[in-house]
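Chemist: Line by line, the protein sequences give chains V and R. Numbering of the first sequence is given in the working numbering, commencing with residue 1 and proceeding in unit increments. Numbering of the second sequence is given in the working numbering, commencing with residue 1 and proceeding in unit increments.
These aren't lab readings, by the way, just hints derived from the structure by calculation. Among the clues, some could well be false.
What the hints assert, rightly or not - Listed below are the simulated SDA-like cross-link pairs for lysine to any residue, each with C-alpha atoms no more than 25 Å apart in a straight line: (1) K155/V / L27/R; (2) K130/V / P191/R; (3) K154/V / Q35/R; (4) K130/R / K155/V; (5) K237/R / E32/V; (6) K237/R / P191/R.
Protein chains: 2
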Amino acid sequence: MSGLKERIIAAAAPDLAAIETALRDNLGAHLEIVQETASHILFAGGKRLRPLLMLLSARICGYGGDDDIPLSTVFEYLHAATLLHDDLVDGAHLRRNKPAAHAVYGNSIAVLVGDFLLARSLSIAARPGKLAIMDVIADITEEMSQGEIHQLIKKGDLLLSEAEYMEVIRRKTAVLIQGACRVGALLADAPEARIDDLTRYGHHLGVAFQMADDLLDYTADTTELGKEVGADIREGKLTLPLIRSLQKADTRQRERIEGIVRDETFSPDDFRELIDLLETLGGIAYTRRQAEAHVAEAKAALTTFGSSRPQETLLNIAEYALYRKV
Amino acid sequence: MSGLKERIIAAAAPDLAAIETALRDNLGAHLEIVQETASHILFAGGKRLRPLLMLLSARICGYGGDDDIPLSTVFEYLHAATLLHDDLVDGAHLRRNKPAAHAVYGNSIAVLVGDFLLARSLSIAARPGKLAIMDVIADITEEMSQGEIHQLIKKGDLLLSEAEYMEVIRRKTAVLIQGACRVGALLADAPEARIDDLTRYGHHLGVAFQMADDLLDYTADTTELGKEVGADIREGKLTLPLIRSLQKADTRQRERIEGIVRDETFSPDDFRELIDLLETLGGIAYTRRQAEAHVAEAKAALTTFGSSRPQETLLNIAEYALYRKV
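Chain V extracted, bound-state conformation (with noise of 0.2 Å):
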């Protein structure tokens, strides 16, 4: 699978730099301290992913129009703004290896200038006149928020079930990816068939880059994750990996994972003890294939579009999904 990365960042390195400029002048002339803060989250090395979906499904559904690049930021400042109040809720230290902005610049600040970002979002989404639009907008942003509040009052709980996990995912996750995905056919004025057909192609995708993330909690070394392994148990976050084992486990190896789990002190040698059974069990396995899964259904999402450039990258996103390390 090498190269993958490379032939999407490739395909779509027109759009990704149209996308850096777009994110910069959309953030406008601000306070400083907003522009500082806004900047220490958005510019740290994301990858575009939720911009690029958006530009990639108008395309594929024949857009020409100038309003895509201004109007994918909108992705991107939504998926800053949760950060933003995530990474204060989840109490997280680092994100992509610099210390997380409610650590720099005090939860106040982190607060308002995630409400600001969201603000920021509404207003370009705005932009197009499409109600249509502004719906899927005011979706998200309410199955996000619902999803984060699900995640925290489920923090520990070690009976949540597979179902519960998806629940979580899909809010917290899917419905921003595939949000884009739907914004960006209705810019096109696509067909509701093909609306719905990218509709879905983003919901899995979310759910499988979801899954994969949470496996590389398991799997990453730190400095490729760029915050610290085991931050997910830390945070009283169970995922897949760990959900599925549980079912699996004998009474033995179920005290063993629960006591590792409780432990807000866990050493490496545990990590790594959890890792294994994590292995033995299988729910590293199992949530791999369920990831695959979800892979296929997203590509199967797009076989209704001619072949053609945008669909060529939707497909080796989706793929990416499962290999990428980070």
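Use these hints to put chain R onto chain V, whose structure you have.
Modeler: Positioned in the frame of chain V, the structure of chain R alone reads:
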């Protein structure tokens, strides 16, 4: 002026009851902690000024449809969302004689439920299918977040100018009240000139309300106010009575004022001395005169409308801004 509040409430009673029901209905079937936290801030004796202003603005323009009551909740939800975040940012302990939500439920829930209420208000605002309404909502959220940030970075700055104070209160208070009035007129498909009149009414009313609120911090007692008197200067917020008095103070008076404001543990005697200084230097009388001038502007903006029951209530509300105790 006795009986003004009673006359407003009598005229608005059926609307206020309908707003109350809609505020509960529109919260919908959400997670228990969301309901509880949202209710803590929403059902604590708020006057429903903002929803009521939207309704009256629609009615004065002849609106007779069914979208007004549900839509009016947008302005109470937006208000509640900002209160949740601001109380956290300000480190406020009390609101309406109850512990602030972040003190009861924790910072994380206050952040996320604030996000949820904002998202909820977007979904409701999208329902009538009018882009111009969504534009107003996007503007409101952006201006308000910038106003709060501006206030935060100027916290404790004894050099805050009157112009900066005006900009902060425009953004953090007037923009929402003005937006409620504007949206009422937009819902009614009023002519451009009437939309502008109601927007102007809302702007001046909002400024007058905030000035009156800032005066109360120096004139009301704790039970009337529902929060600690002197909370503004304790939170480092310089308001007009103080800004104007500092302009007029001699060196000795300035030093004494600065000493009290900078001392976070000021005593009741210190605070009384501060109030005496603000009286002597005219800061309190000046603020009252400014508020009166804005009330006069608000009323003047309604003269183009013929005499009607909504007009009478809107005029009474403007008058009430000056004489309210809380």
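Chemist: Decide, hint by hint, whether the structure agrees.
Modeler: Hint by hint, here is what the structure shows:
| no. | hint | verdict |
| --- | --- | --- |
| 1 | K155/V / L27/R | 24 Å, holds |
| 2 | K130/V / P191/R | 22 Å, holds |
| 3 | K154/V / Q35/R | 16 Å, holds |
| 4 | K130/R / K155/V | 40 Å, violated |
| 5 | K237/R / E32/V | 20 Å, holds |
| 6 | K237/R / P191/R | 40 Å, violated |
Going through the hint list in order, the structure does not satisfy hints 4, 6.
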